[in-house]
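Taken in sequence, the protein lines are chains S and Y. Here my numbering is used: position 148 in the first sequence is 148, and no number is missing along the way. In my numbering, each residue's number is its place in the second sequence (first place is 1) plus 1000.
Please keep in mind that the hints were generated in silico from the structure rather than gathered at the bench. Hints may contain errors.
Claimed, not checked - Straight-line Cα separation of at most 20 Å, EDC-like style, residue types lysine to aspartate or glutamate; simulated pairs:
| id | chain 1 | residue 1 | chain 2 | residue 2 |
| --- | --- | --- | --- | --- |
| 1 | S | 15 | S | 150 |
| 2 | S | 15 | Y | 1065 |
| 3 | S | 121 | Y | 1027 |
| 4 | Y | 1055 | S | 10 |
| 5 | Y | 1057 | Y | 1027 |
| 6 | S | 15 | S | 26 |
| 7 | S | 132 | S | 151 |
| 8 | S | 91 | S | 51 |
| 9 | S | 132 | S | 150 |
| 10 | S | 15 | Y | 1031 |
| 11 | S | 132 | S | 10 |
| 12 | S | 38 | Y | 1054 |
| 13 | S | 38 | Y | 1009 |
| 14 | S | 15 | Y | 1028 |
| 15 | S | 15 | Y | 1032 |
| 16 | Y | 1043 | Y | 1027 |
| 17 | S | 121 | Y | 1032 |
| 18 | S | 15 | Y | 1015 |
| 19 | S | 38 | Y | 1027 |
| 20 | Y | 1043 | Y | 1065 |
| 21 | Y | 1055 | Y | 1031 |
| 22 | S | 38 | Y | 1065 |
| 23 | S | 15 | Y | 1027 |
| 24 | S | 38 | Y | 1028 |
| 25 | Y | 1057 | S | 51 |
| 26 | Y | 1043 | S | 10 |
To be verified - Residues of chain S placed beyond 10 Å of chain Y at every Cβ, according to the derived structure:
| id | residue |
| --- | --- |
| 27 | 3 |
| 28 | 6 |
| 29 | 8 |
| 30 | 10 |
| 31 | 15 |
| 32 | 19 |
| 33 | 26 |
| 34 | 30 |
| 35 | 37 |
| 36 | 39 |
| 37 | 80 |
| 38 | 101 |
| 39 | 111 |
| 40 | 126 |
Small disclaimer: the values here were computed from a predicted structure and weren't measured. All C-beta atoms, glycine included, are put in the ideal place defined by N, C-alpha and C.
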Amino acid sequence: MSPRAACRLEALGFKQVYDYLPGKVDWLARGLPREGEKAGQRRAVDVARDDAATCGPKERMGEVRPRVEASPYGFGLVVSERGTLLGRLRKVALDDDPSSRAEDVMEPGPSTIRADTPLDKLHDRLDRRGLKTAVVTTPEGVLLGVVRRDDLNETQG
Amino acid sequence: MPRSILYPELRRLLDAGAQLVEVLPREEYAEERLPGAINIPLKRLDAETTADLDKRKAVVVYCWDAL
């Protein structure tokens, strides 16, 4: 639809016409601000916390483990310099040789959710899978935060 | 020829003052839209409905997704 609209605008004499082809879906999935009747409905990004322990792929377990132990979660998240989520460090990885690098012991490609996931759907998903947390990323995989099921229980009343 | 853009360029254009137009039907616009966007549904896009847009400035259009 938007490519046709862009062509139509050009035909009407507009000289600088751009088509944001990924559209509203892409914007919302980034957890960016929005306006409208549904703008007040809270989404995953609105309850996501930024308190998970993170590390780079080259960091060694001896350095990472204390940070994870000091965090509220039993796992750590491995991110690139640009913040892209690369993997998750489970407990067994944290107990690995302290000289091991994160990239060698992480679980690559952990499941994530979109920033605009409605809270009721997220609550159901975590319940069905017996999970306590969900990791929120942008469409490019940049880490936005972690949602706790306990927080959702409170929002669901 | 209009150019397709991704989010980083959209951000740059908006920061530079580009005009943003959602071309979805009015009901969808009313529900949820990008901040600052105006609504001109594709079926109503003509000289009259675009009269308030500045032809000297960049215009970015969007709909729901690329499909």
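Status of each hint after checking the structure:
1. Using a Cα cut-off of 20 Å, the hinted pair residue 15/S and residue 150/S is violated, with the two alpha carbons roughly 52 Å apart.
2. A threshold of 20 Å between alpha carbons decides the hint, and for residue 15/S with residue 1065/Y the separation of about 23 Å lies outside it, so the pair is violated.
3. Annotation: proposed proximity of residue 121/S to residue 1027/Y is violated, straight-line Cα distance about 23 Å (limit 20 Å).
4. For a cut-off of 20 Å, the pair hint linking residue 1055/Y to residue 10/S stands: about 10 Å separates their Cα positions.
5. Between the alpha carbons of residue 1057/Y and residue 1027/Y the distance comes to roughly 27 Å, so the proposed pair goes past 20 Å and is violated.
6. Among the hinted pairs, residue 15/S with residue 26/S is inconsistent with the structure: their alpha-carbon atoms are about 25 Å apart, more than 20 Å.
7. Distance check on the hinted pair: residue 132/S and residue 151/S sit about 10 Å apart at the alpha-carbon level, within 20 Å; holds.
8. Only pairs whose Cα atoms come within 20 Å are accepted, and residue 91/S paired with residue 51/S is accepted, the gap being roughly 17 Å.
9. Of the supplied pair hints, the one linking residue 132/S and residue 150/S holds, its CA atoms being roughly 7 Å apart against a limit of 20 Å.
10. Pair hint residue 15/S plus residue 1031/Y does not hold up; C-alpha atoms about 30 Å apart against a cutoff of 20 Å.
11. Between residue 132/S and residue 10/S the CA atoms are separated by roughly 51 Å; this puts the pair beyond 20 Å, and the hint is violated.
12. This hinted pair does not check out: residue 38/S and residue 1054/Y have alpha carbons roughly 29 Å apart, beyond 20 Å.
13. Annotation: proposed proximity of residue 38/S to residue 1009/Y is violated, straight-line Cα distance about 26 Å (limit 20 Å).
14. Restraint check for residue 15/S and residue 1028/Y: not satisfied, since their Cα atoms lie roughly 27 Å apart, outside the 20 Å limit.
15. Distance check on the hinted pair: residue 15/S and residue 1032/Y sit about 28 Å apart at the alpha-carbon level, beyond 20 Å; violated.
16. For the given pair, residue 1043/Y sits about 14 Å from residue 1027/Y by alpha-carbon distance, which is consistent with the 20 Å threshold.
17. For the hint pairing residue 121/S with residue 1032/Y, the CA-to-CA distance comes to about 18 Å; that is within 20 Å, so the pair holds.
18. The hinted pair formed by residue 15/S and residue 1015/Y meets the criterion: a straight-line CA distance of about 19 Å does not exceed 20 Å.
19. Of the supplied pair hints, the one linking residue 38/S and residue 1027/Y holds, its CA atoms being roughly 12 Å apart against a limit of 20 Å.
20. About 17 Å separates the Cα atoms of residue 1043/Y and residue 1065/Y, which keeps this hinted pair within 20 Å; it holds.
21. For the suggested pair residue 1055/Y and residue 1031/Y, the alpha carbons sit about 28 Å apart, so the restraint of at most 20 Å is broken.
22. This hinted pair checks out: residue 38/S and residue 1065/Y have alpha carbons roughly 18 Å apart, not beyond 20 Å.
23. For a cut-off of 20 Å, the pair hint linking residue 15/S to residue 1027/Y is broken: about 29 Å separates their Cα positions.
24. With a C-alpha separation of about 10 Å, the suggested pair residue 38/S and residue 1028/Y falls inside the 20 Å cut-off, and the hint holds.
25. Taking the CA atoms of residue 1057/Y and residue 51/S, the gap is about 42 Å. The hint is violated against a cut of 20 Å.
26. Simply put, residue 1043/Y and residue 10/S have alpha-carbon atoms about 16 Å apart, close enough for the 20 Å limit, and the pair holds.
27. Not every CB of chain Y is more than 10 Å from the CB of residue 3/S (nearest about 7 Å), against its label as outside the interface.
28. At roughly 3 Å from the closest C-beta of chain Y, the C-beta of residue 6/S falls inside 10 Å, breaking its exclusion from the interface.
29. In this structure residue 8/S is not separated from chain Y by more than 10 Å, as the shortest Cβ-Cβ distance comes to only about 5 Å.
30. A Cβ of chain Y approaches the Cβ of residue 10/S within 10 Å, the least distance being about 6 Å, so the stated non-interface status is violated.
31. The Cβ of residue 15/S sits about 7 Å from the closest Cβ of chain Y, inside the 10 Å cut-off, so the non-interface label is violated.
32. The Cβ of residue 19/S does not lie farther than 10 Å from every Cβ of chain Y; its closest approach is about 5 Å, which violates its non-interface assignment.
33. Non-interface call for residue 26/S relative to chain Y: violated, since the shortest CB-CB distance, roughly 6 Å, does not exceed 10 Å.
34. Chain Y draws residue 30/S into its interface by the beta-carbon criterion, the shortest separation being 7 Å against a cut-off of 10 Å.
35. Residue-level check failed: residue 37/S sits 5 Å from the nearest beta carbon of chain Y, not beyond 10 Å.
36. The non-interface label for residue 39/S is inconsistent with chain Y: the shortest C-beta to C-beta separation is roughly 6 Å, within 10 Å.
37. Non-interface status of residue 80/S relative to chain Y is upheld: no Cβ of that chain comes within 10 Å, the nearest being about 17 Å off.
38. Once the 10 Å rule is applied to beta carbons, residue 101/S is consistent with being away from chain Y; the minimum gap is 31 Å.
39. Remark: the non-interface label on residue 111/S is consistent with the geometry, its nearest Cβ contact in chain Y lying 22 Å away (cut-off 10 Å).
40. The non-interface label for residue 126/S is consistent with chain Y: the shortest C-beta to C-beta separation is roughly 24 Å, beyond 10 Å.
Checked against the numbered hints above, the structure breaks hints 1, 2, 3, 5, 6, 10, 11, 12, 13, 14, 15, 21, 23, 25, 27, 28, 29, 30, 31, 32, 33, 34, 35 and 36 and satisfies the rest.
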